[in-house]
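Chemist: Chains as they are written, first to last, in our numbering: chain A, 1 to 535; chain B, 536 to 1070.
There could be a bad hint or two in this list.
Derived lysine-lysine pairs resembling PhoX-like cross-links, with alpha carbons at most 20 Å apart [to be verified]:
#1 A:Lys517 to A:Lys130
#2 B:Lys665 to B:Lys949
#3 B:Lys825 to B:Lys845
#4 A:Lys432 to A:Lys469
#5 B:Lys665 to A:Lys517
#6 A:Lys483 to A:Lys517
#7 A:Lys522 to A:Lys462
#8 A:Lys469 to A:Lys414
#9 A:Lys513 to B:Lys1048
#10 B:Lys1052 to B:Lys1018
#11 B:Lys967 to B:Lys949
#12 A:Lys517 to B:Lys825
#13 B:Lys653 to B:Lys665
#14 A:Lys130 to A:Lys118
#15 B:Lys845 to A:Lys290
#16 A:Lys462 to A:Lys439
#17 A:Lys310 to B:Lys825
#18 B:Lys618 to A:Lys513
If you only want the chain A side, here are some residues facing chain B, beta carbon under 7 Å, derived [to be verified]:
#19 Ile85
#20 Pro87
#21 Asp250
#22 Ser418
#23 Ser485
#24 Ala488
#25 Lys504
#26 Ser505
#27 Gln506
#28 Pro532
The hints are simulated quantities; they were obtained by calculation from the structure and are not laboratory data. Positions of the beta carbon are idealized from the N, C-alpha and C atoms, including for glycine.
There are 2 protein chains.
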Amino acid sequence: MKKKKLGRVTKKVVVPDMLRQILIHTVARRAAIVTLIQKGAVRGICHSQPCCSSDVELTSVRYPGVQRGSYSQLSDKHVQHFKSILPKERVITDEDDIAAHNVDWLGMVRGASQIVLKPKTTEEVSAILKYCNAENLAVCPQGGNTGLVGGSVPVFDEVVISTSLMNNIISLDELSGVLVCQAGCILENLDSYLSERGLMMPLDLGAKGTCQIGGNVSTNAGGIRLIRYGSLQGSVLGIEAVMADGEVIDCLSSLKKDNTGYHLKHLFIGSEGTLGIVTKVAIQCPPSPKAVNVAFLGLDTFDDVLRTFKEARSGLGEILSSCEMMDMLALDAATTNLNLQRPIGEFPFYMLIETSGSNGTHDEEKLTSFLEGLMGSGIIHDGTVASEPSRIKLMWKLREGITEGLLHDGYVFKYDISLPHNSFYAIIPELKTRLPAEKVGRICGYGHVGDGNLHLNITTPKFDPAVLKIVEPFVFEWTSKLKGSVSAEHGIGFKKTQYIHFSKSQSSLNLMKDIKKLMDPKGILNPYKVLPAQH
Amino acid sequence: MKKKKLGRVTKKVVVPDMLRQILIHTVARRAAIVTLIQKGAVRGICHSQPCCSSDVELTSVRYPGVQRGSYSQLSDKHVQHFKSILPKERVITDEDDIAAHNVDWLGMVRGASQIVLKPKTTEEVSAILKYCNAENLAVCPQGGNTGLVGGSVPVFDEVVISTSLMNNIISLDELSGVLVCQAGCILENLDSYLSERGLMMPLDLGAKGTCQIGGNVSTNAGGIRLIRYGSLQGSVLGIEAVMADGEVIDCLSSLKKDNTGYHLKHLFIGSEGTLGIVTKVAIQCPPSPKAVNVAFLGLDTFDDVLRTFKEARSGLGEILSSCEMMDMLALDAATTNLNLQRPIGEFPFYMLIETSGSNGTHDEEKLTSFLEGLMGSGIIHDGTVASEPSRIKLMWKLREGITEGLLHDGYVFKYDISLPHNSFYAIIPELKTRLPAEKVGRICGYGHVGDGNLHLNITTPKFDPAVLKIVEPFVFEWTSKLKGSVSAEHGIGFKKTQYIHFSKSQSSLNLMKDIKKLMDPKGILNPYKVLPAQH
Ligand SMILES: Cc1cc2nc3c(=O)[nH]c(=O)nc-3n(C[C@H](O)[C@H](O)[C@H](O)COP(=O)(O)OP(=O)(O)OC[C@H]3O[C@@H](n4cnc5c(N)ncnc54)[C@H](O)[C@@H]3O)c2cc1C
Ligand SMILES: Cc1cc2nc3c(=O)[nH]c(=O)nc-3n(C[C@H](O)[C@H](O)[C@H](O)COP(=O)(O)OP(=O)(O)OC[C@H]3O[C@@H](n4cnc5c(N)ncnc54)[C@H](O)[C@@H]3O)c2cc1C
């Protein structure tokens, strides 16, 4: 990968030139970008699953150490009973139809479920769980199946409960911005519905075209706008969920403030389907911004990335809505593998900075002065700014396409870690010295730098246990030493249960296990996930 | 109370005139306001407790239905043991020194504790609880004792554990804005510390000069900036807490994102000391705004209040940091009883709207255009705008002084409810028809209209059971019918346990009780609070 470095120029001279250069880019790239739109390379389209076929090794084979719990085996009697709860077309037992539900988006894990149930109502979910609990049948709740830690598919033969038909919007209060909907609503559909009414979803992520709000809530998804709109722990106002025994917990408050007792909803936010199945969500939606701008910048060093973040926070203040970084190899995964066009020259680092505000003129002034400052101090050398929706989408596609682009390399070792800002990127050069170059395709980093959240990715032509051995538990130990999190936003799922202790104390883990036992005494809900196996 | 109504004028003519009028007010009132500053009438000073004396009836007398649990009685042996854990000057048994810890801020409830313990470290809290749990001694965790629902003082003779000496700041990461501190730090002190470093606390409330961050977290306090900076559920990143048996739960993550297992911190946010004692808090602090403006407006009807809120949300957008309303009688409680000056003419309703932003010129433009719009459409008739810190403080003092001002009427029946916007105010005229005029001093409403949170207050010369009978459970039933919350931000405490079911389903209450039993099997932590008595 060749690397072109633009010569630095001194502050006084450079400002107007650089700004002009940005503007030239803005215009010059338009034609190329229009072509991209025509190709359908727009953000929000989550690629169809890469491997829903039997190519993927069965989890039970790849992870021989994991033992099936002493749950019942699915029998005809069970299937018949499910058909008494749901119309038979929503009790799916055809092997081909089930295949996609057994494999995760990354093609990392494959279960062997023989049945997928598709309830439409809370009552149906309740009846299913009540029965499964009584019959000691393990279940795996599944939303859009875009999770990246193997939590959304069965490990063995768990009954898959898919929320994909629970997709009704229940209410929207346009004045307060509170949306109430079923868990199976697809994030992008909710966002479109809201945008017609001057509102938006408070979260956004690359998988928006496929992931469901119930899955987002269950994974406490972060995404690209957390820096502005906060976490789901703040914006989810209420939840309705069904516990393992079928009991419906109605804490579907749609009030911004409700301090009446323990905040039970948080037991379901981020517990990845192990404490209950989320059936409805009430969420606070902010007004759509009247103006959005995106700047795509090229930088020489990671220090410059940090400096830019700091300047963005102070200069863009309340209108800063995203602050993303990607290194050269990460962006290249999107441009080369997905055939997208890099909008500026080649740099060791890129940033995508978005502003969203209520006054276009003010926002533009803030952005211009921010960029002038950066160029004046020689921090950025090249960049382009977009304000039309179609161009903004294209810039985002570059950032969001990385996850998918990486898959085209072969197998992806994926880490999603939180780190202190000052040691955010250091693990990447470190890994480059540790891993034999001939074994890996790409070692790269990108992510939500504004939130201290790095997506570290290592690609290999195919799954390689030797690489795994070098990388794990090294990455977790490194993270733990820096008091980081071994899973910033993707969760623990199946893949990280044995590493949770790198981020959680033993007393916390004990309390988690006690809560699990309290709420799901037979352990039927998403077993082998989140908590490390009991000894 | 006389009511002066300014004649309405038609849109076209009024805009420039009204704006001028606002400006005239701004200048004309300066002198009067300077006098007020000199009198010390500035925001953030929480009045000294109104009644820490034996004037207040003992809770055990006023509420004869509440039975003391079968906890041990404090003995000399216990006191001696406490003196082995803490230096003896932090084991307080002198009746006079204890008095203030037995009475709440409102002078509504009074306990009969014989001991107050003042630990300085987590280890001391842990040793105390371990012993109390073993000895079956009930405890009452106490922060600044500004809680408004009787949760912060003992009901009978519980051991008071005061966090007031746990007031160390542990760390501040100036780049990420993450503050870590002990639970006993006073909110205002934290805010001052941060403001010297370009940051601010994400919450603010009238009691800031006395309340502690541990108390704020334990009550999930809302306050006047929730509309902008969100709830503590979003901004608290981590918590260290001690459980009933002395076990320390360390979930003191200082990361913005950490999805490793269940989010245990939320068991402590808003559980009012019934599940554990919060010892440390990590909290995300936003940058201080570069410009702050406050507009104090007079309005004729509550519909106009709602219209103004709507306009503020769309016109002020991301810079809107407070949207408060108060009716004429509420403001009068501050002006008449605390001898403060009303900055504009007399109106049925007032609003205090604050903007905080990163660019003073932009903010002023937005505010001017917002106010012009409102005046043009005849929604507001009088107002004044402040941008200097001292004048801003004075305006806030008017709003924040209401809580204290009301106390001067005598006894206050206090309700803190969340309601849908369109029926936000209707309960006040309804109560005016229900309550005999000669029995009540004042029936008034104020609060965080932007968050749908009404503080409904009825004052009487002294506690009057006849008034109580008319008001309760009527207020709770009314709120419940509208799917509101019977406690928006103050919590349940001692005073509202029997009303929690108006806002929470039986299955939720059952789960809460199960969690309480799991985490505090002997029920020693803040008994008689939050959960309704077991039957
Ligand atoms: C291209 C791409 C980009 C991504 N970007 C981000 C990002 O920026 N930030 C981020 O946080 N994540 C990101 N993710 C991962 C993210 O976790 C998921 O996309 C999303 O939140 C999961 O939603 P889902 O409906 O697909 O859930 P699934 O994948 O179906 O399930 C995820 C977990 O939640 C459980 N679950 C699902 N629905 C329910 C329910 N109703 N009740 C109880 N449990 C349930 C499952 O059992 C599983 O454990 C990305 C994924 C992809 C493919
Ligand atoms: C003038 C005034 C204005 C107010 N305005 C607002 C407002 O705008 N918004 C709002 O939400 N509230 C408001 N309040 C009430 C508010 O709940 C409290 O002021 C504050 O959050 C409580 O903090 P504190 O330290 O005084 O806690 P305390 O009053 O001492 O305790 C409150 C509760 O928390 C528990 N507790 C305290 N510390 C701990 C700890 N470390 N660990 C475990 N439990 C603990 C206590 O047992 C008690 O149940 C106001 C109060 C006053 C007097």
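Chemist: Run the distance test for Lys845 of chain B versus Lys290 of chain A: straight-line Cα separation, threshold 20 Å.
Modeler: It holds: about 15 Å lies between the C-alpha atoms, which stays within 20 Å.
Chemist: Holds or violated: Lys618 of chain B with Lys513 of chain A, Cα cutoff 20 Å?
Modeler: 36 Å, violated
Chemist: Does the interface hint hold: is Asp250 of chain A within less than 7 Å of chain B, judged Cβ to Cβ?
Modeler: Holds: closest Cβ of chain B sits about 4 Å from Asp250 of chain A, inside 7 Å.
Chemist: For the pair supplied as a hint, Lys825 of chain B and Lys845 of chain B, is the alpha-carbon distance within the 20 Å limit?
Modeler: 25 Å, violated
Chemist: For the pair supplied as a hint, Lys665 of chain B and Lys517 of chain A, confirm whether the alpha-carbon distance does not exceed 20 Å.
Modeler: 24 Å, violated
Chemist: Would you mind confirming whether the straight-line C-alpha gap from Lys462 of chain A to Lys439 of chain A stays at or under 20 Å?
Modeler: Distance of about 10 Å is within 20 Å: holds.
Chemist: Regarding the pair Lys1052 of chain B and Lys1018 of chain B, is the alpha-carbon distance no greater than 20 Å?
Modeler: 28 Å, violated
Chemist: Does Pro87 of chain A hold up as a contact with chain B if the rule is Cβ-Cβ below 7 Å?
Modeler: Not OK, violated: Pro87 of chain A not within 7 Å of chain B, min 27 Å.
Chemist: Should the hint that Ala488 of chain A touches chain B count as held when the rule is a Cβ pair under 7 Å?
Modeler: 4 Å, holds
Chemist: Answer holds if the nearest beta-carbon of chain B is closer than 7 Å to that of Gln506 of chain A; otherwise answer violated.
Modeler: Violated - the Cβ of Gln506 of chain A stays beyond 7 Å from chain B, reaching only about 9 Å at its closest.
Chemist: Using the nearest Cβ pair, does Lys504 of chain A come within less than 7 Å of chain B?
Modeler: At about 6 Å, which falls below the 7 Å cut-off, the nearest Cβ of chain B leaves the hint on Lys504 of chain A intact, so it holds.
Chemist: Within a Cα-Cα threshold of 20 Å, do Lys517 of chain A and Lys130 of chain A meet the stated pairing?
Modeler: 16 Å, holds
In summary, the numbered hints that this structure violates are 2, 3, 5, 6, 7, 10, 12, 18, 19, 20, 27 and 28.
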